[in-house]
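Use these hints to put chain B onto chain A, whose structure you have.
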Amino acid sequence: MAYKAQYYPGATSVAANRRKHMSGDLEKLREISDEDLTACLGHRAAGSDYPSTHPPLAEMGEPACSVREAVEATPGAKAGDRVRYVQFADSMYNAPATPYFRSYHAAINYRGVDPGTLSGRQVVEARERDMEEVAKEQLETEMTCPGLSGLRGCTVHGHSCRLQEDGVMFDMLDRRRLVNGTIIQDKDQVGVPIDRKVDLGKPMSEAEAAKRTTFYRVDNVAFKDDKEVVEWVHRVWELRTRYGFQPKN
Amino acid sequence: MADRERMFKKAMEVKYTQEFGTNQNKGGSITDKTAKYLRLGYTQSPRKVEMAAAGAAIAKKRGLAAYNPMMHCAGIPLGQRQLTPYTISGTDMVVEGDDLHYVNNAAMQQMWDDIRRSCLVGLDLAHETLEKRLGKEVTPETINHYLEVLNHAMPGAAIVQEHMVETHPALVDDCYVKVFTGDDELADEIDKQYVININKEFDKKQAAQIKASIGKTSWQAVHIPTIVSRTTDGAQTSRWMAMQVGMSFIAAYNMCAGEAAVADLAFSAKHAGLVSMSEMLPARRARGPNEPGGLSFGHMSDIVQTSRTNKEDPAKVALEVVAAASMLYDQIWLGSYMSGGVGFTMYATAAYTNDILDDNLYYNVDYINDKYKGAAKTGTSNKVKATIDVVKDIATESTIYGLENYEKYPTTLEDHFGGSQRATVLAAAAGCGVAIATGNGNAGLSAWYLSMYLHKEAHGRLGFFGYDLQDQCGATNVFSYQSDEGAPLELRGANYPIYAMNVGHQGGYSGVASATHSGRGDAFAVNPLIKLCFADDLMPFDFKKPRVEFGRGAMREFVPAGERTLVIPAR
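The listed protein sequences derive, respectively, from chains A and B. Sequential numbering of the first sequence, starting at 19, is according to this note's numbering. Sequential numbering of the second sequence, starting at 2, is according to this note's numbering.
This is chain A alone, in the form it adopts within the complex:
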C-alpha cells in the first residue's frame, strides 16, 4: 500500500484544518487577478516584466553538475527573477492561517521557497514569479480571510490586537478596510498607495472563521481538548530530552 502522508495529529476541526493547509488540499473562495496581486505586493508595476538578476539559466552555460541535473529549476529561477517576498499577518481571533501553517504549506507544496515564521507575521521569499504563485494560492483559498489577515511587509502590528469594531484586524497603516461588506486594499505591502482599489473579497463570518481556523482557542476548540495533539507534543519533548541525556555514553 502506498504511503499516505498524515501531516498532523488531532481529532478536532483545528487539527483537520492544519492537515488541509499542510497538504495543500484547499478550497478556493475568491479570485484575485494577477494585476491586482502584483499591485498589492508592490514589487513591480502591474503588467510590467519581471526584473531579473541574471540571464535565463539556459543562456548561462552552467557547469556540469549532478545536482543541477537531478533538480529542475523553478520557473522563476530559470528566468533569472529577483528573490522577492510575500508576507501575511493573521489575527489570533480565528484567522484561518497561523504563521507555522503558512510556512508548512509553502515548504511542503512548493519548491524554491524560503518561509520565515514569526509570531505576528509569516514571510515567504522566492523567485518573484514563484512567490506570486504561493501568494495567489494563499490569498484565494480558505487559508486567508481578508478581514482577519493582511498582506503586510512592515508595521505588521495587529495579530494580537483586539479586532476593530467592524470585526477587521487592526492595521496601523490602514492598508485595507471594510467598504460595503467587502475588504478594499489601496496600499501595497509596505503601505505605499497603489493606483487601484483592490477588492479582496468578503470577510468570513465569525462562524465561518471559527470553522476554518488553524488556531486553538478556548472559546472555539480548546487546545487541551485535542488530546492527541497534546500527547504528541509531550512525546516529542520527552524523546528529545532523553536523547540529550544519553547516560550510556
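I should point out that these hints are in silico values taken from the structure, not numbers from a laboratory. Fair warning: this is a prediction, and the values are worked out from it, not measured in the lab. Glycine is no exception: its CB is placed at the ideal position from the N, C-alpha and C atoms. Any given hint could turn out to be false.
Stated by the list, open to error - Pairs of lysine to any residue residues, derived as SDA-like cross-links and limited to a Cα-Cα distance of at most 20 Å, are as follows:
#: 1; chain 1: A; residue 1: K245; chain 2: B; residue 2: K393
#: 2; chain 1: B; residue 1: K34; chain 2: A; residue 2: E226
#: 3; chain 1: A; residue 1: K245; chain 2: B; residue 2: D394
#: 4; chain 1: B; residue 1: K27; chain 2: A; residue 2: D184
#: 5; chain 1: B; residue 1: K409; chain 2: A; residue 2: E224
#: 6; chain 1: B; residue 1: K34; chain 2: A; residue 2: A240
#: 7; chain 1: A; residue 1: K205; chain 2: B; residue 2: P78
#: 8; chain 1: B; residue 1: K409; chain 2: A; residue 2: A228
#: 9; chain 1: B; residue 1: K386; chain 2: A; residue 2: F263
#: 10; chain 1: A; residue 1: K205; chain 2: B; residue 2: A75
#: 11; chain 1: B; residue 1: K37; chain 2: A; residue 2: D192
#: 12; chain 1: B; residue 1: K409; chain 2: A; residue 2: Q182
#: 13; chain 1: B; residue 1: K37; chain 2: A; residue 2: H175
#: 14; chain 1: A; residue 1: K205; chain 2: B; residue 2: I77
#: 15; chain 1: A; residue 1: K242; chain 2: B; residue 2: D390
#: 16; chain 1: A; residue 1: K205; chain 2: B; residue 2: G76
#: 17; chain 1: A; residue 1: K242; chain 2: B; residue 2: D394
#: 18; chain 1: A; residue 1: K245; chain 2: B; residue 2: D390
#: 19; chain 1: A; residue 1: K242; chain 2: B; residue 2: K393
#: 20; chain 1: B; residue 1: K34; chain 2: A; residue 2: H175
#: 21; chain 1: B; residue 1: K27; chain 2: A; residue 2: Q182
#: 22; chain 1: B; residue 1: K34; chain 2: A; residue 2: A228
#: 23; chain 1: B; residue 1: K34; chain 2: A; residue 2: V239
#: 24; chain 1: B; residue 1: K37; chain 2: A; residue 2: G199
#: 25; chain 1: A; residue 1: K242; chain 2: B; residue 2: Y368
As the list claims (entries may be wrong) - Using C-beta positions, here's what the derived DEER-type ranges look like:
#: 26; chain 1: B; residue 1: A236; chain 2: A; residue 2: S70; range: 48 to 54 Å
#: 27; chain 1: A; residue 1: R253; chain 2: B; residue 2: I499; range: 19 to 25 Å
#: 28; chain 1: B; residue 1: K386; chain 2: A; residue 2: D184; range: 52 to 58 Å
#: 29; chain 1: B; residue 1: Y338; chain 2: A; residue 2: K215; range: 43 to 49 Å
Chain B only, in chain A's frame:
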C-alpha cells in the same frame, strides 16, 4: 482553580478601561474582543508630548534635525491605537512605557552600575603574606585601620605619595569597601561601619548555610565609583580596586613601597582572591570581566536580595530576579551592547509589568501546593522528586492556564503584543513553577522547553525567527552532562552557546535558577560571596526590590550615583 480572580485584572483595567493622558480610552471590559481605535497619534501620551517639545527645541538650538514623532512611518506617528501606561508588577506604580527604556530610567542604569562596579577580594591571603613574608602583625585593630585607610583611598585619594591629584569626594560618594567573614568572633571585633553582618542580614538558617559555605574566610566587598565605571568598563573594576588596595596595605602597615616582598603581597592581596561578578568573554564578543555577557544566571540570582527579605514567598523571589535579569540581559546586554535601539525594552517589560507573569506563577504555586502536598512552600523536605512526569504535569498545567488567559482576556494578549513576550512569560512561569516544586533548576529548564513546544502548537506561532529556534532545539541539552553541551542552569549564562543571541530568554532563565533555591529557602543560588556582596543597604540601588526601584526610576524619584552636577555649570 482556573476561575480565580486574576492578578492582572487591576492592571488591565488601568491600562485598557481608564483614560490615561488624552487617549480617550474609557469604558469597556478587559474581556472585550473588539476595541475602538481612535488613531489619536502621539499627542495622547503626556511623555511623548514632552519628548516632541524637547526634540523641537533641540533641533532649533543646534540647527540640526532631532527627534520628531512625525518621522514615524512617513507621517503616521505612534498612537494609531491607544497609548497606554504600565503597572509595575507587584506594586501599584503606574508608569509610561517610555520611562522603562533604560536611558530614561536612572534606577535601571544604577542597577547595572552597581553590579559592574563591584568586585570581591579575599583578605586571608593578604594577611598570611603580611604575617609570614613581611613579618607584620595582623589584628582586628590593624584591620580596622586598614579599612579606614582603604575607604579614604578607594574613591581615588592619595595615600602614600606626594604631588598627587585626587578625586572630589562628592563625585565619588558611592564608592566604599565593606568586609564580611564567616568568623563571628572576628566580625565582632571589626568596627561595625565596615561589616556586612551575616547574622543580621540573614535569618538564622540562611546565616548558618552561608557561614558553613564560606567557613572562617574574610572578604572585602568593593564598589568603585559609578563615575569611574561609566567612563571605563567592567574590566576596570578589579584594576581600580587593586591599585587602591595595594597602596592602602602599604600605608596601613607601614611597608616599603619598593621591596620585592611587596610583589608577593600585591599578588596575594589584589589578584589571588579576586572574584568578579562575571567572566570575561571570548574575543569574538570582546568584553572583559564584569560585563553582562559573562554574568551567570546563578550570580544574577545571588545579586538580587529578595531571597533574604521574602523567604516565605519563593515566587516573589523568582519574579524579582526575572525583572532585574530581564532588564539587564535584554534591555542593556542584548538590547544595547549586542545590538542597539529601542525594541528590546518591550521583551523585558512583559516579564515585569501588569502582573501577567505573576498571575501565572502564583496560579502554579496554588496548583503545586494542592496537588503535590505543599511542594511550592518554602522548604527542603517538601519537594517533589524531579521526574519527567512531574515536569510534564506542572509545565502543561501552567502553560495551558497562561495560554487560555491570553484567549479569555484579549487585553492581556494586546498588552503582550508579540509572541516572543508571551513565550517568555509562559515558559518562565512553567520553569519557575517546576523549579520551586522540585528544587531542581534543570527540571525547571525542562519545563521551559515543554512550555515552548505546547505554546507553539496551540497558537501556531511562537517568537520571531531568532527567538524560537533555540527553543526548538534546547530540550536536548537540558540534561546533557557533556561539558560542551550541558551545565547546571545556575552555571549557564548569557554567553552559554545557544543562549548567546537569545533575546527575551535570559531573564526568565535567571528566574528559574533563582526559583530552584527560593523554593528551598536557600541563602544563595550558587555563590554565597556574591549574595553577601549585595546584602548591603548602602548601595544606591535596592537589590531587595528591583521592581519598585524600576518604578521609582520611571517616576523620576530615584536618585542615582555618579552625577557630575558638582563640576558643570548649573542649568
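Against the structure, the hints:
As the CA atoms of A/K245 and B/K393 are separated by approximately 14 Å, the hinted pair is consistent with the 20 Å bound. For the proposed pair B/K34 and A/E226, the alpha carbon gap of about 17 Å is at most 20 Å, so the pair holds. Using a Cα cut-off of 20 Å, the hinted pair A/K245 and B/D394 holds, with the two alpha carbons roughly 14 Å apart. Taking the CA atoms of B/K27 and A/D184, the gap is about 19 Å. The hint holds against a cut of 20 Å.
A distance of roughly 17 Å separates the Cα atoms of B/K409 and A/E224; the hinted pair therefore holds under the 20 Å criterion. Of the supplied pair hints, the one linking B/K34 and A/A240 holds, its CA atoms being roughly 17 Å apart against a limit of 20 Å. With a C-alpha separation of about 17 Å, the suggested pair A/K205 and B/P78 falls inside the 20 Å cut-off, and the hint holds. For the given pair, B/K409 sits about 15 Å from A/A228 by alpha-carbon distance, which is consistent with the 20 Å threshold.
Taking the CA atoms of B/K386 and A/F263, the gap is near 18 Å; set against the 20 Å cutoff, the hint holds. For a cut-off of 20 Å, the pair hint linking A/K205 to B/A75 stands: about 14 Å separates their Cα positions. A C-alpha spacing of about 14 Å is found between B/K37 and A/D192, which places the hinted pair at or below 20 Å, so the restraint holds. This hinted pair checks out: B/K409 and A/Q182 have alpha carbons roughly 17 Å apart, not beyond 20 Å.
Restraint check for B/K37 and A/H175: the C-alpha separation of about 16 Å stays at or below 20 Å, so the hint holds. At roughly 14 Å between alpha-carbon atoms, A/K205 and B/I77 fall within 20 Å of each other, so this suggested pair holds. Our distance criterion of 20 Å between C-alpha atoms is met by A/K242 and B/D390, whose separation comes to about 17 Å. Between A/K205 and B/G76 the CA atoms are separated by roughly 15 Å; this keeps the pair inside 20 Å, and the hint holds.
Annotation: proposed proximity of A/K242 to B/D394 holds, straight-line Cα distance about 13 Å (limit 20 Å). Annotation: proposed proximity of A/K245 to B/D390 holds, straight-line Cα distance about 16 Å (limit 20 Å). Between A/K242 and B/K393, the direct Cα distance comes to roughly 14 Å. Compliance with the 20 Å bound is thereby established for this hinted pair. Proposed proximity of B/K34 and A/H175 is supported: the alpha carbons are some 16 Å apart, at most 20 Å.
Restraint check for B/K27 and A/Q182: the C-alpha separation of about 16 Å stays at or below 20 Å, so the hint holds. With a C-alpha separation of about 14 Å, the suggested pair B/K34 and A/A228 falls inside the 20 Å cut-off, and the hint holds. The hinted pair formed by B/K34 and A/V239 meets the criterion: a straight-line CA distance of about 17 Å does not exceed 20 Å. For a cut-off of 20 Å, the pair hint linking B/K37 to A/G199 stands: about 19 Å separates their Cα positions.
Restraint check: the Cα-Cα separation between A/K242 and B/Y368 comes to about 17 Å, which is no more than 20 Å; the hinted pair holds. For B/A236 and A/S70, the hinted distance range of 48 to 54 Å is satisfied, since their beta carbons lie about 52 Å from each other. The beta-carbon spacing between A/R253 and B/I499, approximately 23 Å, falls within the hinted interval of 19 to 25 Å. At roughly 54 Å, the beta-carbon separation of B/K386 and A/D184 lies within the given 52 to 58 Å, and the hint holds.
Here the CB-CB span from B/Y338 to A/K215 is close to 47 Å, well matched to the stated 43 to 49 Å.
Every hint from the earlier list agrees with this structure, and none is contradicted.
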